[in-house]
Every structure is written in C-alpha cells, then in structure tokens.
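Colleague: Listed below, chain by chain, are the residues.
4 protein chains.
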Amino acid sequence: MSRQGRRGDDCVELDLRVRYAETDRMGVVYYANYLIWFEMGRSEYCRQRGFPYLELEEQGYRLVVAEASCTYRRPAQYDELVTVRTFLHTLRRRSICFKYQVVRKGSGETLVEGETKHLCIDSEGRVKTIPDPYFTHLARGLQPQPPPQNTHG
Amino acid sequence: MSRQGRRGDDCVELDLRVRYAETDRMGVVYYANYLIWFEMGRSEYCRQRGFPYLELEEQGYRLVVAEASCTYRRPAQYDELVTVRTFLHTLRRRSICFKYQVVRKGSGETLVEGETKHLCIDSEGRVKTIPDPYFTHLARGLQPQPPPQNTHG
Amino acid sequence: MSRQGRRGDDCVELDLRVRYAETDRMGVVYYANYLIWFEMGRSEYCRQRGFPYLELEEQGYRLVVAEASCTYRRPAQYDELVTVRTFLHTLRRRSICFKYQVVRKGSGETLVEGETKHLCIDSEGRVKTIPDPYFTHLARGLQPQPPPQNTHG
Amino acid sequence: MSRQGRRGDDCVELDLRVRYAETDRMGVVYYANYLIWFEMGRSEYCRQRGFPYLELEEQGYRLVVAEASCTYRRPAQYDELVTVRTFLHTLRRRSICFKYQVVRKGSGETLVEGETKHLCIDSEGRVKTIPDPYFTHLARGLQPQPPPQNTHG
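Chains as they are written, first to last, in my numbering: chain A, 16 to 168; chain B, 16 to 168; chain C, 16 to 168; chain D, 16 to 168.
Any given hint could turn out to be false.
In this list, chains with the same sequence are indistinguishable; a pair is considered to hold if it fits within one copy or across any two.
[Said to hold, decoys possible] Here are the simulated DSBU-like pairs of lysine-lysine, each with C-alpha atoms no more than 30 Å apart in a straight line: (1) 120 with 132; (2) 143 with 132; (3) 114 with 132.
Because the hints were derived from the structure by calculation, they are not lab data.
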C-alpha cells in the first residue's frame, strides 16, 4: 500500500479497544465486525479532513457502500488495542474508494486489510456528484505534494 | 408466569437458530443479543395479531422502548434451535408491556426470561395513544376468556 | 455466476426475515450484516450436505475466513423476507470458497452478492487438510453432473 | 442513584463515540447496544481498579451475567460522544452488581441507566467465590467512607 506522491498524512488513524461483544466462540473478533471498524475509520477520516460525515447526510446526501472487501491475516483479540488506518484511495465526482489497515497497536502487526467503494446519492436514491465543500475537503488528502525542499542545499 | 383468565394463544412463538455471530468468546450467546430476539418476538406478535409493526411506523407512530430487563438462566449455544415466546402483558392507551421466554426447542428448558415496556410516540417524539386499528388488534390478545367448558359434566 | 457442469442443487437456500436490529439510520440493512447472513448460508450449506459445521469444530478443526467480499446492488429493508443462496465455488484440500446471492424472496431481485475464502486450521492454528468425512460431504456438491438426457431425441 | 457512604471515585468513566452501526432505522442507537456499552464500562472498571477482566478469565473464572436491566430516557445519536459511568453497587463473595449511567458528554444529560448482576463461575460452570487478588481489587471501590462531618454542629 505504498502511497507515492502523497503525503503520509493522507492516512487517518483511529485507535480502539476490542469489545467482548465483538468476539465469537472462536475466541477472536468475528469477521463482519472489521467492516464496522472500517466505517469508524472513514467517519474519522472525514472529521480530520474538515467535516463530520453526519453533516453530509444532513444536507441530504449519503455515501452508500457499493463494494467491500477484506483480507484477514491475523485475528484481533478481546481487550487489545488496535489502530484502524484509513486511506482515501480514489476520489471521483460521484464515487470514492477508501482502503484500510487494521494493525495491532503495540507491535504494528497487520491484522486485516480492506477496501470499500462508495457512491454519492441523494435522498431519492439518485447518484449525484459529491457536493462542495465536501469534495474539496476530501480532495485535499489526495493532492500531489511538492517535492521535499532540500534544506541543506 | 401464569396467565390466568387468558387463552394460551396470547403467546406467540417464533423459532430461530443461533447464529455464529451471536456467540462470544465464552462460547455462548452474548447477553445483549437476547434483546434482539425479544424484538423479533414482538414483531412476530404484531404480525400474528393482524398487522406488521412496520405499518404502524409507516403511519408515523413508533413504539419506543422505555424499559427492558432480562434474567439469564442457561446460555443458548451456537446452532441450536430456540423458541422465543412473546406475551402481551399489559396494554394501555399509550403504553404496552411484553414478556418473553426463550426456551430450548427440543427440551423446552427455559434459557432466558425478559420484559420490555414501550411508549407510543409520533414522529415529533410526543407520547400518543396507540392508534386504531392497532390498539384493537393488540387488545384481542388480552380479552378475558370464558371459563373452560367441563365437557365431562 | 454461471454454474456449468453442476446441478442446480449445489446451491443451498436459506430464508430469513430482516430484523430491526439489522437496519441502520439510513433505514436499510447495515452493510456488515450481509456477512452474517453469508455465515448463516454456509452453515446451512454444511447441514444440507450432511453435517453440522459445529461437528467439524468439535473435532478440533475450524474454517477460518481468509477473504470476504461483497457487492451491494439494492438494500434489504426491515421486515422483508430474503433468501440467501450459498454456492460451493471451489474446494481444495486445505481451503474452500463459497459464493452467495441474497435475493428478495418475492421478486427474486438480487440485493447483494458475495464471496468468502476459508482455510481449514486445527486448534493450534496450523493449516490442515479438511478431514474426512467432511471433505467428502462437501465434494458431493461439486461433482460434475452427467449431461441432461435429451428425451426428445 | 445516591451513593451514601462511598467515595465519588467508585465511579469509572469511559467515553465513546456512537457508531453508525449502532443506530437503527429509527435514527438512534438500537436498544440492545447499551448493554454492549455497559460491558465496556465494567471492563474499564476492572482495569481502573487494578486488573484487566481478561486476566480473571485466563485464571479460569468468568463473571457471567445473571440479570440485566435498562431504563431508556433519551436516545443517543450517531456520532455524538457519550460517557458511560460504571458504579460497583454491591460486591459479595460469589456475585457482583454494577450500575451504569450513560450521559451525553457535552451536556451531561442522562440518556440511559442500567444495572447488571453477575455470578463468578469456574470453567466447569460451577459458582465460585471471586478469587483474590481480584476480590480485593474490586472491594477497594466500595470501602466504607468516614461519616460526613456535621459542619453545622
């Protein structure tokens, strides 16, 4: 998941502690629950980029999920701290794609990776362009960065 | 939970199979999930008494939960079949109380018992009387029954 | 999802009614919950092919999820009946892949499609071959079928 | 919920942000989810009193829920910050009772109140005394306080 040409800060991190309710009889986090963490990750992404996702909904727009996928590497355990890293992967006028990494907080070990694709719809369910200023806020995370200044030159 | 003066059929039964997702690392059903089963039970209760609960919501009314309680006797296990028995306990113009029993389908052993109290509100959140014909439909389950005929007399 | 060379009956169907708890504030089923339905689907698949999945776990084996993906076409609504169709897609000695279709029960409209890949592990977490007789039970669903007899020839 | 004879610090607070997944089609937090928050509250209570609850389980003990109840005053909304206040209410050798208050973080408004009663069992499901040092850790939150000074004497 190299992110060439983008600042490292196009990734937003969210820490969370695994709930008992999130485990199953296998003793680890149930596989559907990572999608809930992804949702928390992108919610935090919006907030860090300048707006609560709730505000977009209050304007009558919704980012509905069109696709989701998840690769499970190691299971998360009850009570441990994990970090959800959310990356804005692609942003188009009517759609948006986020990528996610869930890592163990201490060791940084990757537990799960995933991706979600979203469409912007209005309250009638019609596909719409992501309205401003939200598009602009989101686009900021994707702007190509100037090459780092060599301050020793 | 004796139900003197009411027909046995004021109880509506719903069978369900325990999902993997409903268990936790203790290997049994997570305690909050029984409240989900109660909701399914009262939803089925309404349907059996003549209306889908959804219809009440479409008319602009909601039965919000004011109180819930649950007594846990034995845990339900993954993949087993359980029966949720829903009883209409009290019905007032603006409120309603359901009782529940979750039993193991084969043996009839009681696993969990519970109770929920609901208020009827409109879309503005104001407490309202339960509108007809829904009140009437529900009241049917509570009608005092004639004493059983002694057919051996 | 054409299933050339296989009988239609390699698909196992499970009906379920959408729970209130499964909806979110958008008014439709929350996107992670379809993965719970997929799990119910494959659990039913095993049962219909001759063994409860639970039995495999009791023998010390587990089918852990390695990958999951989901395409969302139309949202499922509270209280409607949906059918989860589970297909055994590929079966290898140590891994297995299921595909799923969630359709509206009345109309047959496709709501969601998905796929999960699983590894067989033992209680120490080591990848193992799927033990018999479970492998054989599962393989039955994949046997190439004789071409249909042309009875009009 | 007056707490006569106990220090104010027998309450442990945990902040959390409401997840999209926790809402239902009524637009607010689904009623069963508060029990999940209660569990997070008592988990945090143990941690603040000197041990992770996980450690107790690793020693072969479990605090199973025997009873739970909940009173719903105002609904929590998506994305808002709430505080879960957990109180150790009674501690006996083999059982324990927690009380909870969920309040809106900004205003302090009470949203939900609840209570859970737990039994200590071993891995065979037999009721046991809560082992030391866990009992002692928990008891600390309940130490009788000096009587309030009568400043008007």
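Colleague: Hints first: check each against the structure and report whether it holds.
Modeller: Evaluated hints:
no.	hint	in the structure
1	120 with 132	both (26 Å within a copy, 27 Å between copies)
2	143 with 132	within (15 Å within a copy, 34 Å between copies)
3	114 with 132	both (9 Å within a copy, 20 Å between copies)
When each numbered hint is compared with the structure, no violation occurs for any of them.
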